[in-house]
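S.K.: Residue numbers (UniProt numbering): 1 to 90.
Bear in mind the hints are in silico, worked out from the structure with no lab data behind them.
Heads up, some of the hints might be wrong.
[Said to hold, decoys possible] Restricting the straight-line Cα-Cα distance to at most 16 Å, the calculated cross-link-like pairs of lysine to aspartate or glutamate (EDC-like) are:
| id | residue 1 | residue 2 |
| --- | --- | --- |
| 1 | Lys26 | Glu44 |
| 2 | Lys36 | Glu47 |
| 3 | Lys26 | Glu80 |
| 4 | Lys36 | Glu80 |
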Amino acid sequence: YKGMGVIMMTQLINNLYKKPFTQLLKERIFEPLNFKETAWRTIEIDELVKVITDPSRDAILPINHSTSGLEGNLFVSTREFAYWGYLHLK
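Full structure from sequences and hints, please.
M.R.: Structure representation (structure tokens):
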């Protein structure tokens, strides 16, 4: 997701915690939950699934080189995505 709310939130976190939004999530959520397959990806790796945006063209991997949290390059595995859902059910 990308919009004014996300932009404001990331800037607020940067100002309050003196660190990027992505780093704060890594330290306070991903690492404590032992998530190894959830991260902002800035380079293409084989484990990432490409996206079909147009059936007449090759699939693409929409990776951005920014780690600010504003560019929508948060990737999560199916396993960890299911675990996110499980955590919200508890």
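S.K.: State for each hint whether it applies.
M.R.: Now for the hints, and whether the structure bears them out:
no.: 1; hint: Lys26 - Glu44; result: violated, 19 Å
no.: 2; hint: Lys36 - Glu47; result: holds, 13 Å
no.: 3; hint: Lys26 - Glu80; result: holds, 14 Å
no.: 4; hint: Lys36 - Glu80; result: holds, 9 Å
Hint compliance for this structure: hint 1 alone is broken.
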